[in-house]
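Asker: One letter stands for each residue in the lines below.
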Amino acid sequence: MLPWRPMAERPKIDRARVEHVARLASLSLDAPEVDAMVAELGRILEYVEKLGEVDTDDVPPMTGLSAGTTLRPDEVQPGLSQAEALGQAPRPSSGGFAVPRFLDAPKTGR
Amino acid sequence: MLPSFTVEGLAESVRSGNVTAVEVAEAVIARIDARDPTLHSFLTRAGDALLDQARAVDDKRARGIPLGPLAGVPVALKDALSTRGLRTTCGSNILEHYLPPYDATVVTRLREADALLPGKTNMDEFAMGSSTEHGAFGPARNPWDRARSPGGSSGGSAVAVAARMTPAALGSDTGGSIRQPAALTGIVGLKPTYGRVSRYGLVAFASSLDQIGPFATNVRDAARVLSVIAGHDPRDATSRDEPLRDYAAACGASVRGLKIGVPDEYFSSGLDPEVEASVRDAIGRLVADGCVVKKLALPHTAYAVASYYVIATAEASSNLARFDGVRYGLRVDAARLGEMYGRTRDAGFGAEVKRRILLGTFVLSAGYYDAYYLKAQKVRTLIAKDFDAAFAEVDAIVSPTSPTPAFLLGEKTGDPLAMYLNDVYTLPASLAGIVGLSVPVAATKSGLPVGFQISTPHFREDLALTIGAAVEATSPATGAEPKVG
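First to last, the sequence lines map onto chains S and P.
Numbering-wise, the numbering used here puts 24 at position 24 of the first sequence, and it's gapless, one number per residue.
Numbering-wise, the numbering used here puts 90 at position 90 of the second sequence, and it's gapless, one number per residue.
In short, the hints are calculated from the structure, not lab data.
Please note that a few of the clues may not be correct.
[As the list claims (entries may be wrong)] Listed next, the in silico DSBU-like pairs over lysine-lysine satisfying Cα-Cα at most 35 Å (straight line):
#	chain 1	residue 1	chain 2	residue 2
1	S	K50	P	K412
2	S	K50	P	K259
3	P	K385	S	K50
4	P	K259	P	K294
5	S	K12	P	K385
6	S	K50	P	K295
7	P	K294	S	K50
[Said to hold, decoys possible] Residues from chain P shown here face chain S by an in silico Cβ test under 8 Å; the list is partial:
#	residue
8	L99
9	D241
10	R345
11	L359
12	T361
[Claimed, not checked] Chain P residues, not near chain S, derived (Cβ > 12 Å throughout):
#	residue
13	G9
14	G17
15	E26
16	R45
17	G47
18	L51
19	R164
20	I260
21	V262
22	S268
23	G270
24	I283
25	A376
26	A390
27	P482
28	V484
Note that CB positions come from ideal geometry on N, CA and C, so glycine has one too.
Produce the entire structure from the sequences given, and follow the hints as far as they go.
Answerer: Structure (structure tokens):
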């Protein structure tokens, strides 16, 4: 059997891919940061390909180290007060967290 | 006059009344004032709160109320641990002014044990690093050679203990962040079993790997601190309801007849010859004490770094999504929500954190999950099975903690992969969730400490402490202190 390979070929790490991943991660990188990440991520992923040498057919993925996890009873406990929960917010407003606009106003008369 | 500056020495002296907790607190303040300006182990000091805590201990004693097991004992806290009302930055600009509204469970337990909490220690940003150079507030320095790194990410805690500013400290270990800085600064550092200590209130880096543990100048002191912080916590579903062992007693138990495994893979290329010689000497001393040495193989060791950096970055990319400028921390305003997120995170995170978020986001992204993340978790299973098979044959596995002594500040910052490879001996135990203890065994010719790692099965901290105490009893490094002040 052929050894497992991570990809038919290594995904090319270029500016477009770094910018796409940065968007997924909500990071606004400037141009020099994108250039640096292209080089560094490329090298790290090349190293990670080493995993392809290991035969993992029939090996289950590790899903947790806590076989004996014990959940606490689902009972109401005292938590933070509203004032405490809002105490560290950069822009608290009317008892909540204010954020900038994220929807466009509906166009009238379509 | 202070008695010996150890957990045990100070606890006994405060209990017996030979010294007051206020005198201990004043001594700690004086030591930090004198020593920390050149070492930078503290990011935030407790100020008057430390003296208030000390007065409360002295008052309790005066009124005949029983004292906690760490009464009057200073314990510094890595700045990843939430402290109610005391700034908790996690080494990041994004949390520069963050005041947590609650205490981490370990902090609550230290307070209940009447410990003194002198402050928050320097670290790599979000614990991502092995040198304490990736923090937003400047590096910590190794007290044995100020041009060198103390290791990381819990470097500030290690330095504060190594330079005797505090007899104990807490750190967190995700891939070696307690053991490696302990080794590089010549002190004892313990990563307990995953699930032994509650992670509630620890700022999350990689949730399947993070574990809190103690630093101290000797094994017995580390055991004393572990006894206070260990145990099930209903607030952390991954903490286990496994009975505690008598960790203090374990430090006095005999090692005669214990089987010690020496894995070939940990004595391969890249290992500094002086480190190897010191570790082999320590193994020889264990044999003289009656241990039986067995060679063994941990065949998947070579894949630990690759597996770890996929899994840890994937978990980090998810955990750090919470830093979005809305509920706490830094916010950089913008007209649109998405733009506010991006600008806040770009301004708030440093280069290493961004690198790991991007790597983690990439390995979880559509089309790559199976090839990277799932593959890494399968390899992790094999690494854990290596240890299971080994522990069927031996009681403990011993090795160097780090392949080299302390490296120079700046030596590895330009090469992220070289920095990651430095963790080759500590990552496997993290992936398997087992115990790892580092104990100083020697100094190199140039005077740098060498650490000896003892790995034991899940929930067998007692066994690691037994062997660690035996190593310490015959170690030429025992009692060595760096020149400070």
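Asker: Should the label of I283(P) as a non-interface residue stand, given a Cβ cut-off of 12 Å to chain S?
Answerer: holds, 29 Å
Asker: Please check whether the beta-carbon of G270(P) is more than 12 Å away from every beta-carbon in chain S.
Answerer: At about 14 Å from chain S, G270(P) clears the 12 Å cut-off, so the statement holds.
Asker: Given the proposed pairing of K259(P) with K294(P), does the C-alpha separation stay at or below 35 Å?
Answerer: holds, 7 Å
Asker: Starting from K294(P), check that the Cα of K50(S) is at most 35 Å away, please.
Answerer: holds, 29 Å
Asker: Taken at face value, is the distance from the CA of K295(P) to the CA of K50(S) at most 35 Å?
Answerer: holds, 26 Å
Asker: Please confirm whether G17(P) is truly not at the interface, meaning its C-beta sits more than 12 Å away from all C-beta atoms of chain S.
Answerer: holds, 38 Å
Asker: Verify that the Cβ of G9(P) lies farther than 12 Å from every Cβ atom of chain S, and report whether the claim holds or is violated.
Answerer: holds, 36 Å
Asker: Find the nearest Cβ of chain S to the Cβ of R164(P) and say whether that gap is larger than 12 Å.
Answerer: Label holds. Min Cβ-Cβ 35 Å, cutoff 12 Å.
Asker: Does R345(P) hold up as a contact with chain S if the rule is Cβ-Cβ below 8 Å?
Answerer: At 5 Å from the nearest chain S Cβ, R345(P) passes the 8 Å test, so the hint holds.
Asker: Answer holds if the nearest beta-carbon of chain S is closer than 8 Å to that of D241(P); otherwise answer violated.
Answerer: holds, 5 Å
Asker: Is the Cβ of R45(P) more than 12 Å away from each Cβ in chain S?
Answerer: Check passes; 21 Å lies beyond 12 Å.
Asker: Is the shortest C-beta separation between L359(P) and chain S less than 8 Å?
Answerer: Holds - the Cβ of L359(P) comes within 8 Å of chain S, reaching about 6 Å at its closest.
Checked against the numbered hints listed earlier, the structure breaks hint 25 alone; every other hint is satisfied.
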